[in-house]
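Keeping their order, the protein sequence lines are chains B and U.
In short: position in the first sequence from 1, add 131, done, that's this note's numbering.
In short: position in the second sequence from 1, add 5, done, that's this note's numbering.
In case anyone wonders, no lab produced these hints; they're calculated from the structure.
It is possible that part of the hints are untrue.
In silico lysine to any residue, SDA-like type, Cα no more than 25 Å apart, as pairs [said to hold, decoys possible]:
1. 32/U to 46/U
2. 164/B to 346/B
3. 164/B to 54/U
4. 164/B to 112/U
5. 32/U to 274/B
6. 164/B to 72/U
7. 164/B to 125/U
8. 164/B to 88/U
9. 32/U to 229/B
10. 54/U to 173/U
11. 164/B to 39/U
Now for the letters of each chain:
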Amino acid sequence: MSSRSFRHLALVISISMAPVLSATSAHGFACLKINGHCARWTQGGAILHSFLGNPGVGLFNGTLSWDSNTVNAGNDWNAAGAAFHFTVEVGGSFINPCGPQGAGHACPNTGPVGDNPVFFANNFCGQGFGDIIELTNNCADRNSGAMLNAPVFVNSAPANASHDPNSIMGWNAYDGAIRVGSDNRVINDIHRVLVHELGHVLGLDHPDDNGQMVFAIMNSRESNIYQLQPDDISGLFSLYPNSNPPANSSGGNTGCQIAARGAHANPANPWILLMPTVLLLLRPRRRSETGQSHQVDALRGH
Amino acid sequence: MVVVERDFPELVARAEQIVAGTVTDIKQEADAAGAPVTLVTFSDLTVLKGDVGDSLTLRFYGGEAGEVVVHIPDMPTFAIGDRAVLFVAGNGRDVCPLVGVWQGRFNVRFDTTQQADVVETNDRVPVVAIAGRQIVRGGAAAETAGAAAMPLNAFLDSVAGELAHPAISAPPVR
Chain B
132 MSSRSFRHLA LVISISMAPV LSATSAHGFA CLKINGHCAR WTQGGAILHS
182 FLGNPGVGLF NGTLSWDSNT VNAGNDWNAA GAAFHFTVEV GGSFINPCGP
232 QGAGHACPNT GPVGDNPVFF ANNFCGQGFG DIIELTNNCA DRNSGAMLNA
282 PVFVNSAPAN ASHDPNSIMG WNAYDGAIRV GSDNRVINDI HRVLVHELGH
332 VLGLDHPDDN GQMVFAIMNS RESNIYQLQP DDISGLFSLY PNSNPPANSS
382 GGNTGCQIAA RGAHANPANP WILLMPTVLL LLRPRRRSET GQSHQVDALR
432 GH
Chain U
6 MVVVERDFPE LVARAEQIVA GTVTDIKQEA DAAGAPVTLV TFSDLTVLKG
56 DVGDSLTLRF YGGEAGEVVV HIPDMPTFAI GDRAVLFVAG NGRDVCPLVG
106 VWQGRFNVRF DTTQQADVVE TNDRVPVVAI AGRQIVRGGA AAETAGAAAM
156 PLNAFLDSVA GELAHPAISA PPVR
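Isolated chain U (complex conformation):
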């Protein structure tokens, strides 16, 4: 899969819902064409954008269908208990219900050094900062090597700040 690259203001602007939550249920169903879809339910929600109830179930294409597996490379996968911040768009309408596919999913984990929840990208690289429009990933680069992962609260504050003072306008609803 190749996707459009989205920066931070685009993630915020294009999301129909933005939530932080915990995976509490995963199940597979067949859609009208018999294709497998994976339904991932998030609970214990913190809602930053959009109209969301007590839980949110996201529909991802792919899964097992009898003796075969339908698999689109890059489709985010989850396990019960996973915590994440999600930038949701097109749930139930699009192949993947996240802005920028994997770009719209940030993992949350408890960091023992900071004694706080911190944020990682979908591929579990620490997010170390939001700098302008960019989401700065930790890694081998000298300027980010060893940098502490961004606390969840700071990340959510950045989202709230972007919502209050957007750098770009929201795209038209499809």
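Looking at chain B on its own, in the form it has when it is part of the complex:
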């Protein structure tokens, strides 16, 4: 299905369901707050440079490189159709984000404005990761919340790493439930973790840290959820609405929405859950399997 017909169907469904949906305003998603503002990109997108490289063996999900999973994670968000897109470039000139502000750095330890590397590291700019598996260091303007850059640090030796042969530095890539190795320790799935971190890059926070109880890959706890959920898509559209928002987001919003603390998704209305699922199933989906250097911009069909 072309993205055009996809959008048309989405619009038709959203119109037909409008009376039903207007009766429900449950949301779980949350945005990153900077002095009361939702942090977000003002240019409608961000360019990521993936320097994760190649593990030397095929990964469980059929990809041949870690970078392919960065590409796919970007594609997952792009395919939702919001007015935001990730462009993922594999390789290139690596600029170490660690270092003081100045010399083009947007913030201390974030690197130059607009430079968003995704890379393995065994520490965070000289500080230990502790129990952190992966983190995004968001840099934003303190007055407006405008995002300046957001490097993603992937721990090359996570504390929970399995020593199983299928665990490559504690990582692999796969769909489905969290896997453990023969030593009963975790084999982290880099794809779902990257989807989560890219959610932070674009400006989303954790719904479950904001009093919400929803299914979301943006929840703070890694789980068997391995792909975007309707609530994640709603959060994306709340930050970057377009003319055809998904039916369970509030069209026309230009800011973020934070549900009242303690609000829950309303299971009594099946459409609020069903609609984004339909959209997710129908969305254009492209998977990188080769690990070749390329750019991704699913919405523009490059």
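Got chain B; can you put chain U on it based on the hints?
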């Protein structure tokens, strides 16, 4: 941020200090690289593990630096007067000085129904029990819906019990 999930015995075993206290000071500084760090001082301490003086200052990465903000999602934040039980590890060494990042911070509040201090998780969900290795959170699940939050004294007793009879051995010091 994605973190390693820690159960109750792991929180206790991996902590270098375990304290209950009140936030009495918060200030920001720049580290050697000019990056903002937030220093949170806890006083009125009850010390359950480790060598701690009258107060304990924890160093969290992030904060404001001129016209910009450096923000790592998930980094616990505090306000003056907050009370908490903290499982501390890597203070001054790691990005976050708590075991399991937010998992190592439990809020303490006064519950008017119980007329006692009770314990909540970092995201302010009541802790209703320590069951085996698990920290049982209150919430929508039928078995925990409406369950009373765990009193602070009972929680601290559980920590003391785990320290006396650990389910797991402490990890090697990094």
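Results for each hint:
no.: 1; hint: 32/U to 46/U; result: holds, 9 Å
no.: 2; hint: 164/B to 346/B; result: holds, 21 Å
no.: 3; hint: 164/B to 54/U; result: violated, 35 Å
no.: 4; hint: 164/B to 112/U; result: holds, 21 Å
no.: 5; hint: 32/U to 274/B; result: holds, 20 Å
no.: 6; hint: 164/B to 72/U; result: holds, 15 Å
no.: 7; hint: 164/B to 125/U; result: holds, 23 Å
no.: 8; hint: 164/B to 88/U; result: holds, 23 Å
no.: 9; hint: 32/U to 229/B; result: holds, 23 Å
no.: 10; hint: 54/U to 173/U; result: holds, 16 Å
no.: 11; hint: 164/B to 39/U; result: holds, 23 Å
Consistency note: the structure conflicts with earlier hint 3 alone.
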